[in-house]
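Visitor: Sequence:
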Amino acid sequence: MRPPWMERPTIAGRTLKFLVLTAITVAVLYPFGLALGTSLMGRAESIANGGAYVLFPSRPTFEAYAVILSGGAVTRSVLISIGITLAGTALSLVCTVFLGYALSRRGMLGGKPILLMVLATFLFTPGMIPSYLMVKELGMIDTYQALIVPVLVNAFNVVVVRAFFQNLPDELFEAAKMDGCSEWRMLWRIAIPLSKAVIAVVGLFYAVSYWNTFFNAILYLNDQSMHPIQVVLRQFIFRGGAASGMDVAIVRDLPASSIQMAVLVIALVPILLVYPFLQKYFTKGVLTGAIKG
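Residue numbering for the sequence shown follows the numbering used here, starting at 16 and increasing by one per position.
The set of hints was computed from the structure by calculation and includes no laboratory data. Cβ atoms here follow ideal geometry from the backbone N, Cα and C, with glycine treated the same way. Among the hints, erroneous ones may be present.
To be verified - Across the chosen pairs, the derived CB separations fall in these ranges: (1) Asn-182 - Ile-156: 40 to 46 Å; (2) Val-109 - Ala-27: 51 to 57 Å; (3) Ile-252 - Thr-25: 46 to 52 Å; (4) Leu-138 - Thr-25: 18 to 24 Å; (5) Ile-252 - Ala-81: 42 to 48 Å.
Said to hold, decoys possible - Capping the alpha-carbon separation at 30 Å, the derived lysine-lysine pairs in BS3-like fashion look like this: (6) Lys-211 - Lys-192; (7) Lys-127 - Lys-211; (8) Lys-32 - Lys-127.
Use the sequences and the hints to build the structure in full.
Guide: Here it is in structure tokens:
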């Protein structure tokens, strides 16, 4: 007799699961649909609805997107965020893969103390003031390095990558050593090609983190022209379009809610476009790296 959780679910059970998953999906997608619908709303419809958000505008218009992308502030901030995300993700992946591989190799000189230092960051994190003083002493205030260097390596990602490398068959590395391969060559020819899943997942984690950079940008960047999209989005939400350097005369013919939601959609779209391409690696990479290790 099989255990209850291995039995074929009943029709009532499947129906209940379908209804629950449908409700969760609607609850997740509804805010995104509301933001997209409101961003396409014209001024006349906004006045008729009393400024309320709409899911399906009667006369969709892309005027809000045309205005904010022609204003300069949003376009510049999007390009800044893209640059920070690409550069930061690449550098973080390189450092994480190198460190994870080194810590996964038996007999590495100083491997255990370094691993303990990495794990210690889970328990002891620097405060805001020490972090700011360190960034200031390194001369990174008002530079994009301040948004990358302090968060270059994430301890959790290092642990996941290390665990994944440890699960690779030792026979592969032993055979490579017998053929005269160095550690660098084994990393590039064996470890990395077999670790595409975990690298893709860790890369997604880093990309989302860099794209959503907000607090560090406010803390370290005094020049508003250097602000990434998330900080500009905050200005639109709390102060309106004119707060980001846009001409009031340009945005006065559009409802503030449409401008705000259009910036919100622009801030969300890049990550939403990247995730489907990495979804197939997500479960495999996280489970293999975290559980089997």
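Visitor: Next, verify each hint and record whether it holds.
Guide: Do the hints match the structure? See the list:
Between Asn-182 and Ile-156 the C-beta distance comes to about 42 Å, which sits within the given range of 40 to 46 Å. Between Val-109 and Ala-27 the beta carbons are some 52 Å apart, a value that agrees with the proposed interval 51 to 57 Å. Separated by about 47 Å at the C-beta atoms, Ile-252 and Thr-25 satisfy the suggested range of 46 to 52 Å. Between Leu-138 and Thr-25 the C-beta distance comes to about 46 Å, which lies outside the given range of 18 to 24 Å.
As the Cβ distance of Ile-252 to Ala-81 is approximately 20 Å, the hint placing it in 42 to 48 Å is violated. Of the pairs offered as hints, the one joining Lys-211 and Lys-192 holds, with about 22 Å between alpha carbons and a cut-off of 30 Å not exceeded. The hinted pair formed by Lys-127 and Lys-211 meets the criterion: a straight-line CA distance of about 26 Å does not exceed 30 Å. For the hint linking Lys-32 to Lys-127, the alpha-carbon distance of about 46 Å lies beyond 30 Å, and the restraint is violated.
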